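Chemist: Letter by letter, the chains look like this.
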Amino acid sequence: MTTAIDVRSVHRSFGRTPVLHDLSFQVPEHSILGLLGRNGAGKTTIMSIIAGQDRPTSGEVLVGGHTPFEHAPTLNTIRYIRDSQRYPDDYHLRHVLRIGPVFAPHWNAELADALVDGFALPARVQVKKYSRGQLSALGIVLGLASRTPITLLDEPYLGLDVGARRVFYDALLRDYAEHPRTVVLSTHLVQESESLFDRVVILDGGRVVASGDRDEVVGGLVQLSGTTGAVGELIAGFDVLRTDKVGGLCSALVRTDNDLAAAAHRLGVQVSGASLQDLVASYGPGSRTTEEVAARPARSPPPGCT
Amino acid sequence: MTFAVPLYITGVVAVISILIMVLFLRAGQTPGSADWIQGARSNGGMVWSLCGFLGYMGAQSVATTFPFALTLGATRRHFVLGTVFWWATTAGYLAAIFTALCALELATGHWFADLYIFDVYLLGSGSLWRIALIVFGGTLSIFSLGGVFAASWVRFRNRGPMALGAGLVLLILVALIITVPSFGRIVDAFQGWWLMVAAAAVIACSSVGTWGFLRGSSVR
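Just so you know, the protein sequences line up as chains A and B, in that order. Numbering-wise (the numbering used here), the first sequence opens with residue 910 and increments by one. Numbering-wise (the numbering used here), the second sequence opens with residue 23 and increments by one.
Same shape as in the complex, but just chain B (with noise of 0.2 Å):
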């Protein structure tokens, strides 16, 4: 499940986002033209689709592993320490797919046919380097989120997850509260790394926070 399933709906948003593209050809636009480059890096299906997946991966991964891990006789350390490493071995190995299908879509000029599968502005605008980092740390993230709401139902079951998202979504609601009024000059100075350093930033405090949940974590 780990390596296939996201590998399939890779497939499976691929195939709607060629049906999509031949629906505007019937339309009428011009496959190369500016409109359409345009039109066509602004799908970001390719992402959205494999966050659903991949959060429920990250939730399972700590949910019903932890109990079985600590039947094997795991103690909670290693336990975390494992399923940390693994979320970067898949992590890694999406990244891995997902940037050799864009070499290979730049490669044959966008499949013969000037269709944007994984040359979109949210994977880094054909960047091979850009989509690389870009999966991995979004696939890292996404797995340590899920994995620290996870550990968060562990804890203190329904509970858990009811005060961690209220908790973030005060955390995010005070930040844009803060932020607001410099929101312009902001977005002039982003920098794609910032998104790195929050991806970096999400991982350690929710792995941290998966250690902190499960550390006195009692299995029921």
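So that you can see chain A by itself, here it is in the shape it has in the complex (with noise of 0.2 Å):
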């Protein structure tokens, strides 16, 4: 398996604050890769850095083997699509697709105007005049029919009704089995699009808590619902990612390969799987990093349900 995208060890600081701390993972070729996290978690920046737009304070990222801040080889294979991506000023549609295909060798002229037909964007508004989906919709057009190798897409359906977004979907799923390349999406519509990605890498306070295989992420998450003291007994010895407590009751997401149907139906405590997004809305304040969770595994007693 061939690695397309490589951070090592990046730490970006803007000031005195810092973003980014030893920042690490990798993206193998041709996969679509979920970059999630709440907001301020440091996706835009290790996005802008992985495209050249922007440098580490420390660290390195690799893109096809090459540093890709200035190296214009690289560059020419990445599209960075931003979540405020901006054109210039007297710009129309028909400006985008004119100039895109100059700076794309394999840009696809079809798929631009299907998906400008799917979007239904104006063609005689100023690009500036658009409104936020409409602006989203343009960015998705320009990101993917570049058919450029590495794709990064920040945000990609700001604004886009879901009629809209299940455009995007469709295409990007359809063209990426026709023309395989790297997809970097970072999203909050975790549940939505969690189906698309290969692979995933959650980021929380600029560092890396979470990242592999879709299916090795999410796997062992189990959401336990129930009384407080039940709750709190059955958690207890296991690596608890969030906990929530009302009145007497509790919930709590746990990681564990133990069956816990026999304990739980004991204790009455109810037993249901976890997503991506339950994962993904466990981190914040007071979250664990995996360097964290290695080093003490359980988190017990959990704080909200004893």
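Hints are computed from structural coordinates only; laboratory data are not their basis. All the pointers check out, no bait thrown in.
Some chain B residues close to chain A (C-beta under 10 Å, calculated; not the full set): (1) Q82; (2) A85; (3) T87; (4) F88; (5) P89; (6) F90; (7) A91; (8) T93; (9) L94; (10) G95; (11) T97; (12) R99; (13) H100; (14) S240; (15) V241; (16) R242.
Incomplete in silico selection of chain A near chain B, CB under 8 Å: (17) A981; (18) R988; (19) F1012.
From a predicted model like this one, the values you see are computed outputs, not experimental measurements. C-beta atoms are modelled at their ideal positions from N, C-alpha and C, and glycine is treated no differently.
Using the supplied hints, reconstruct the complex from the two chains, each of which is provided in its own coordinate frame.
Modeler: Right, dumping it as structure tokens:
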């Protein structure tokens, strides 16, 4: 398996504010990676660095074996569409469709036209007057029709309605199947888009807190709910990722390979599967890094269920 | 916008200039007289009206185009080279238009009515090679100044243009303080080519400054 993007111990600070801390992960060639995390987790910053639009304070990022910053052959293989993508002031749709192919030798005009129709993008309106959803749609057209080996999409469907998001999912999967490439997609719509991902990287506070194959990352996650005492007794000794307590009731997200069914039944605790979204939502203030989890697997007793 | 708007502005200023001259005519001035020519050639409206738009074009050619160029995979070095080339192309286009219109004005005896639109002091007083050089050098200077201010904004946000502007004002004040005792002699010795040297210096410094600001900028 060839590595398309190799992020090695990347730190990034803006002034005195550290944003990324010792970030390391790899993205295999021809895979779709979900880059997940809460606002301010560092998703946009690491995507900028991968795209050569920013430099790490220390560490390095290799794309196709090269540092992308100011390396023209590498930059030509990357298309990074920001959530706040900017266009020249006087641009119309036709300008984007005209200049896109100039910088993308594999540009597919049919795909671009199909997406423009699917999103119903207006041709006569200046791009700077587009709505939030129309700007996102235009970014998707530019990102997908370019067919660059590396495609980075930062919150590509901000403001898109359900139908337009379906157009994006269908186009991405169909075109990816016909023309495999490496796609990194950051999103907060985890539940809706998790089926797209081969792999995920979850960031929290500028650190990687989970990464790997999507099924591995969500494997063993269990949501438990019941009375505070029962849940607290059941999860003692497990890796507890999150607890929520309301009155005398408690729910907990735990990672375990054990079969809890019998014990849960005995204690009257309800057991249900947990999703990638549950995992992403479990991170935030007070969460732990993978290193901390490795050093101290169990977080017991859980703060909310005792 | 790049090619059409300057022509639109030029057309509007030409119409306004003609109306002002008609006003003077109605006030009793004599077309073709020495006073008439002196007054008409002092009209700098054509130059000043274009400066604002050209400055905006120079700034937007960096401020909004830079993030888009990087999205398309351009390097910073190629972006700056391409942008300077584009400034020069547009400046050449405007110089050609103004020179052609000035030639037409001269050939028609100032539009058959002693109307001075392009044959003015600030544009070389009817000299075709001067108007070509002035428009080209002036346009390129304004583009590059707009570009370097925009690049400082890309690099340092609001602090960039503020610091750059303050620095330039300080530089000009210090230069004036040093030269003001000899101002009379400098004015007497003034040569037109000094302006072209100054324009070349402005263009070179601004272009290098644009590169300097952008080479370390991150897009946000």
